[in-house]
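Quick note, the sequences are listed as chains A and B, same order.
For the first sequence, my numbering gives the first residue as 1, with consecutive numbering after it.
For the second sequence, my numbering gives the first residue as 178, with consecutive numbering after it.
Don't read these hints as lab results, they were simulated from the structure.
Please read these numbers as outputs of a predicted model, since none were measured by experiment.
Yeah, the Cβ is synthetic: ideal placement off N, Cα and C, and Gly gets one too.
Where hints are given, some of them may not hold.
To be verified - One side of the interface only, derived from the structure: several residues of chain A facing chain B at Cβ under 10 angstroms:
| id | residue |
| --- | --- |
| 1 | Ile-13 |
| 2 | Ile-35 |
| 3 | Glu-39 |
| 4 | Ile-40 |
| 5 | Ser-43 |
| 6 | Thr-46 |
| 7 | Ile-48 |
| 8 | Arg-50 |
| 9 | Ile-52 |
| 10 | His-54 |
| 11 | Asn-85 |
To be verified - Cβ pair distances, simulated, as ranges:
| id | chain 1 | residue 1 | chain 2 | residue 2 | range |
| --- | --- | --- | --- | --- | --- |
| 12 | B | Asn-286 | A | Pro-64 | 36 to 44 angstroms |
| 13 | A | Trp-117 | B | Ile-212 | 20 to 28 angstroms |
| 14 | B | Gly-190 | A | Arg-169 | 40 to 48 angstroms |
| 15 | B | Ala-306 | A | Ser-111 | 40 to 48 angstroms |
What the hints assert, rightly or not - With a straight-line Cα cutoff of 20 angstroms, these simulated EDC-like cross-link-like pairs (lysine to aspartate or glutamate) come out:
| id | chain 1 | residue 1 | chain 2 | residue 2 |
| --- | --- | --- | --- | --- |
| 16 | B | Lys-180 | A | Asp-55 |
| 17 | A | Lys-174 | B | Glu-563 |
| 18 | A | Lys-174 | B | Glu-229 |
| 19 | A | Lys-36 | B | Glu-214 |
| 20 | B | Lys-264 | A | Asp-66 |
| 21 | A | Lys-36 | B | Glu-563 |
| 22 | B | Lys-288 | A | Glu-53 |
| 23 | B | Lys-206 | A | Glu-34 |
| 24 | B | Lys-557 | A | Glu-53 |
| 25 | A | Lys-170 | A | Glu-53 |
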Amino acid sequence: MNQILDLLSSFLIGGIVLLALLGLNMQFTSKNQEIKLAEITQSSSTSIGRIIEHDFNKIGYGDPTDSSIVSISNNSITFRADLNNDGNIEVVNYSLINNANGKFVKRIINSNESKSWLQPIKNFQIFGLNVTSDTTYVSSQVSAVLVNLEYAKNDYLQDTLSIGVQWRRKFFPKNLD
Amino acid sequence: MGKMLLILIIGTGVIATITTQNMLQSSNKMLENAIDEHDLTQARLNAESSFELAIKHILADTNFTNKPAFNLKRGTGSFVITTTNAKLPDGPNAGLTSVRQINATGKVNNKTVVVKSTILLQMGSVGPAMVAPPFLKYGIISDQTITMNGNILIRDDNNPLVNANVHTNNNFQMNGNNTIKGFLTYVGTAHSNPASRLNTSFSPNVNPDNTPVHRKVNAINIPSFDPDSYISKATQVYPGNLSLSGNRTLGTKNQPQIIYVGGDLTISGNITGYAAFIVKGNININGNVTITAPDPTGNNLGLYTKQNLNVNGNVTLRAQIMANQNVNLGGNSKVYGGITAKGTINFNGNISIYYREPTPELTQPFWPQSGGQVLPKRPKLIAYYE
């Protein structure tokens with residue numbers, strides 16, 4: 001009788017320890033995935049951020065016209081710039097694409113669809129700012145551009161996954177002066 | 178059972194260790210990524226700071242060419258300035274002049290940002306910052322008829338490069354022997370007795386174009402003068418009469434004193450420095466007025482009155498004179514400066530006027546005039562490539 005009790009007790013205790021170990025393992029694995037996702041998200045956001053910086057800092061560069069920003073709205077902007085300093089002016093367009101597959105930010109140069117670039121995101125916003133930092137979407141009055149980019153995470157302010165899910169920068173393109 | 182549990186614990190420990198290692202790696206990568214971003218941003222700021230520093234140097238010296246790597250709070254900055262005709266950095270010749278290309282570099286750790294820009298210099302133009310108004314640039318000038326009855330000398334004060342001109346916005350009449358080292362200009366008519374004196378009495382020091390020594394011209398505006406309009410600019414205010422004698426120290430050339438007198442001003446004695454007296458009543462000069470100043474050949478004193486200026490006796494007066502009414506010169510008066518009157522200039526005796534060019538610092542508060550000087554401005558940015 002005692003032996004049966006010992007066996008049952010050891011199974012019970014062993015089971016509890018086993019479950020605890022499995023739980024610990026699952027938690028580690030889950031956290032590992034979370035951090036890995038955060039790393040990927042952060043890496044993606046900085047990558048797209050660098051592309052945006054590369055283009056937006058050159059707004060108006062080499063463009064002889066007074067209106068280098070062709071059009072601007074809350075979710076798209078089209079501007080002229082000599083992106084690679086070769087004497088040719090490119091027309092650059094950034095826009096938010098919202099379709100059945102989700103939301104994307106699209107970068108397209110000279111309306112060349114074959115070379116367009118698409119990046120899945122949660123949100124993409126453009127704010128044109130005038131000299132007094134008021135929002136304006138009148139091209140001729142824009143002296144600064146604020147870009148806000150969000151990746152796909154709803155409660156990005158709470159946990160590890162919040163890392164890199166929002167990228168926000170204000171540009172003061174000197175060639176617009 | 179015990180062995181199996183031990184194996185499970187060890188296995189879980191291994192998995193946990195590997196997972197932890199992965200998490201640490203990810204964290205490190207995120208940290209490195211963040212540091213990279215920060216370094217890149219800092220390098221960009223260093224490049225922009227170098228660009229601004231280049232602008233500062235080029236404003237001070239348009240021939241400034243480069244500044245090797247210098248330390249900033251984090252990282253370094255440097256810039257190279259070259260002369261170019263291009264509109265764009267490294268671009269083709271666009272035929273532009275006064276253009277510089279600035280290559281500004283910012284470095285932080287292994288991150289380097291280069292900003293290339295072209296700027297147009299706006300260095301301004303030379304010339305005096307301010308000049309005296311035209312109606313003060315005469316030996317004598319009046320809105321009324323000028324009559325000279327002999328023994329009047331109007332000439333330069335040992336400066337043969339200037340003319341001591343006479344102008345009237347009315348008629349000119351001359352009798353007897355007068356000597357004027359300048360031109361006569363008038364709006365109405367000009368007569369002399371004998372008639373030839375008009376040609377012989379006027380002999381300008383400088384006449385490169387052989388301009389006739391007397392001629393009819395358009396009127397020169399002599400504005401009305403009211404000291405009350407300038408009382409806010411006065412450094413000293415005397416609401417009633419003021420009598421100055423003895424020694425008096427006034428302002429400097431760049432900061433002359435402006436002395437408002439609400440009544441009459443009587444002045445004599447020694448004056449050191451620069452001042453403009455703006456007087457609501459009459460100005461009476463009954464004794465010598467001696468000026469001590471770093472510029473003994475310039476005008477150190479401005480006497481501007483709403484009414485008359487009266488000089489009596491053997492007076493030597495060194496001042497620029499502007500009277501809203503008449504200027505009455507008597508005795509053997511000598512005036513070193515110039516006389517402007519909206520009223521009549523009356524000569525009663527042996528009068529000598531030694532013309533000195535007016536000092537703009539004394540006239541600027543009342544009749545501001547630009548000398549055409551354009552101050553250098555910050556260079557204009559033509560193109561900026563990051």
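Unsatisfied constraints (hint numbers, rising): The structure breaks hints 7, 9, 15, 16, 21, 24; every other hint is satisfied.
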